[in-house]
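Visitor: As a plain string of letters, each chain reads:
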Amino acid sequence: MENEQRIDETISRGLEIVKEAEEDRLMTLSVGPQHPGSGHFRFTIKVDGDYIVYCDPDPGYVHRGEEKMCEYRNFIQNIPHLERPVIHDSTNITYSYSLAVEELANIQVPLRGQYIRALASELNRQVYTLYWLGIYGIFLGHSTMFMWPIGDRELFIDLLEALTGARVTHAFNIPGGVRNDMPDGFEERCLRQVAYFEKRLAEYEDIFYNNPLFRQRTEGVGILTKDDAIKLGVTGSVLRASGIPFDVRKAEPYDVYNEIDFKIQYMKTGDSYARSTVPFLDMKESCHIIRELLDKMPKSGEVRAKLQPNPKGPAGESYKRVESGRGALGYYIVSDGTPKPYRVKLSVGSFRNMLALPFLLIGSKLADMPSIYWSLNYWPVEADR
Amino acid sequence: MSSDQSKTQNGSEQKKSSSDLTPTSISKKTESITPQFEGSLINQLVTRFGDKLVQVIYVRPGRTKILVPPNEIVQVASFIKDSLGFDHAESVSGTDYPNDNQIEVIYHLSSYSDDKLSSQILALSTRVDRNESRMPTLINIFRSAEYHERETFEMLGVYFEGHPRNERFLLPEDWADIPPLRKEFRIKGR
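Top line first, the protein sequences correspond to chains A and B. Just so we're aligned: 273 in my numbering is position 273 of the first sequence, and the numbers increase by one with no gaps anywhere. Just so we're aligned: 1030 in my numbering is position 30 of the second sequence, and the numbers increase by one with no gaps anywhere.
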């Protein structure tokens, strides 16, 4: 209760200042949608000198009506357009969709298929996080940290290209398993790349995370306490940075994740530094997971269940979630027994984390805006859907 | 498959008219196959509010869906938060049922603070009249529902009483059509 008041007070205090102050004292700034870092997203802020006193997010510049489109296509046709909201994490966004459809239509996925799609989603998590990290680097004016992750991201893109046949939008996860088996020699190639990447991660740590300039700009900035994080319902790295060890892969293991031994990476400070470090730690942990998946994977077998041409199940509904690069990614699907879904709802991490943006920005300095904004792991296209 | 049974029952139930929305028989049948932990959640709710107020739609491992009338939803939601320990809303979605002349609004609630609940999703649903679609907001209980409710307002036209901003969010500012996720809104050419 106390905590709830605190959130409300912060926001209403912002409004009061706007009301009381003479209009010419405040300056209204529109950040985005043309801002090179903001992505397709705009938020209006009002500043009193150096301090932000008001913030109003205005998403929707890339709203494509994914949920409406789903109602016009059958369960299989939906896959290629459902990965558009996050093309850099396209395996994860189709993962929970596949899980939900499998539950509705009662499809069993072969074990090797489960391992391969877990592997693909881990590789894709690296691709997404590296891209995010590159943008974070350029946001803070650290151009090396832009070049390195974008360069190393190519390694994983090449791996995924070998696995799925496409560089970025794979449409690889489908209800019933994955589209194709791994190519010959993929395992060795994968292990080699991961070993190289782990060395690179150590270098990232030296040049970026231990950089005094970076630490000055992020440590103690935009602190989100544990209680506020729960109250605002944030997810993913933002949540784990505030001291809550919640990861869907552990909390509600899907497919083969209950057989994988890994640790949830979390920090307790809840500032921008923690929020930018947790995805980095996730990448490290993901390397272990990739190795373990390759190790425990059955060496042969089916990768895809046989489906009827237009899969459908009995009428019913299903809510499934996975841990994506930006946190829990849930699909709520209502089926009326036809091959087309009656209603599809995406509950995405970016949309949920957006609620923390005004809360953290109000009261902080304008100069801290970039480091707070991008540390929220916010992907505008995903939030708009 | 036991879970299949509950699905089919649920589905056939949805197609019926609104007056038949009393799935007490369903809840009795599903109880025999209800997982223990989910069953105890349901028992607490039904003991507190009675099975007229809180109707169990289905129970599956990790998933529970209940249906409450819109004018009681605040009371039930407070109980869910304070006594059952669900502390945030993962998603708020609306589904249009033109045949029943109703819109269903569903809050998928989950918990970060209670480890036992971390794999649980409690779907708190309510059905409002399609022509007079108003219901009280839950943002005073689940602060995390703020933007989700705002999205539901613009996509389905459900007005949340007490919500500070029932306004445009994702759609263009000059949007002058019916809420797009209602079934009578058709995509051009389809």
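Treat the hints loosely; a few may be bogus.
Said to hold, decoys possible - Quick list of the computed label-pair ranges, beta carbon to beta carbon: (1) A:Glu154 <-> B:Gln1044: 49 to 59 Å; (2) A:Lys296 <-> B:Phe1185: 46 to 56 Å; (3) A:Asp261 <-> B:Gly1085: 47 to 57 Å; (4) B:Asp1114 <-> A:Lys296: 51 to 61 Å; (5) A:Ala305 <-> B:Ser1113: 46 to 56 Å; (6) B:Pro1035 <-> A:Ile207: 23 to 33 Å; (7) B:Asp1082 <-> A:Ala162: 32 to 42 Å.
Unchecked claim - The following residues of chain A were derived to be distant from chain B, with all beta-carbon distances above 12 Å: (8) His63; (9) Ser242; (10) Tyr319; (11) Asp384.
It is worth saying that the hints were derived from the structure and are not from the lab. In this text the structure is predicted, and so the values were computed from the model without any measurement. Idealized CB from N, CA, C, for every residue including glycine.
Visitor: Give a verdict on every hint.
Guide: Now the hints, each set against the structure:
A hinted range of 49 to 59 Å for the beta carbons of Glu154 (chain A) and Gln1044 (chain B) is consistent with their spacing of about 53 Å. Range check, Lys296 (chain A) to Phe1185 (chain B): about 48 Å between beta-carbon atoms, so the 46 to 56 Å window is met. Taking 47 to 57 Å as the suggested C-beta distance range, the pair Asp261 (chain A) and Gly1085 (chain B) does not conform, at roughly 28 Å. Range check, Asp1114 (chain B) to Lys296 (chain A): Cβ separation about 31 Å, and the 51 to 61 Å hint is violated.
For Ala305 (chain A) paired with Ser1113 (chain B), a C-beta distance near 38 Å fails the hint of 46 to 56 Å. Pro1035 (chain B) and Ile207 (chain A) have their C-beta atoms about 50 Å apart, which leaves the hinted 23 to 33 Å range violated. One distance hint, 32 to 42 Å for the beta-carbon pair Asp1082 (chain B) and Ala162 (chain A), is violated here, with the actual separation near 53 Å. Once the 12 Å rule is applied to beta carbons, His63 (chain A) is inconsistent with being away from chain B; the minimum gap is 4 Å.
With a least CB separation of 10 Å from chain B, Ser242 (chain A) falls inside the 12 Å interface cut-off, contrary to its annotation. Not every CB of chain B is more than 12 Å from the CB of Tyr319 (chain A) (nearest about 6 Å), against its label as outside the interface. The claim that Asp384 (chain A) is not at the interface with chain B is violated, since a C-beta of that chain comes within 12 Å of its own (minimum 6 Å).
In this structure, the earlier hints numbered 3, 4, 5, 6, 7, 8, 9, 10 and 11 are contradicted, and the remaining ones agree with it.
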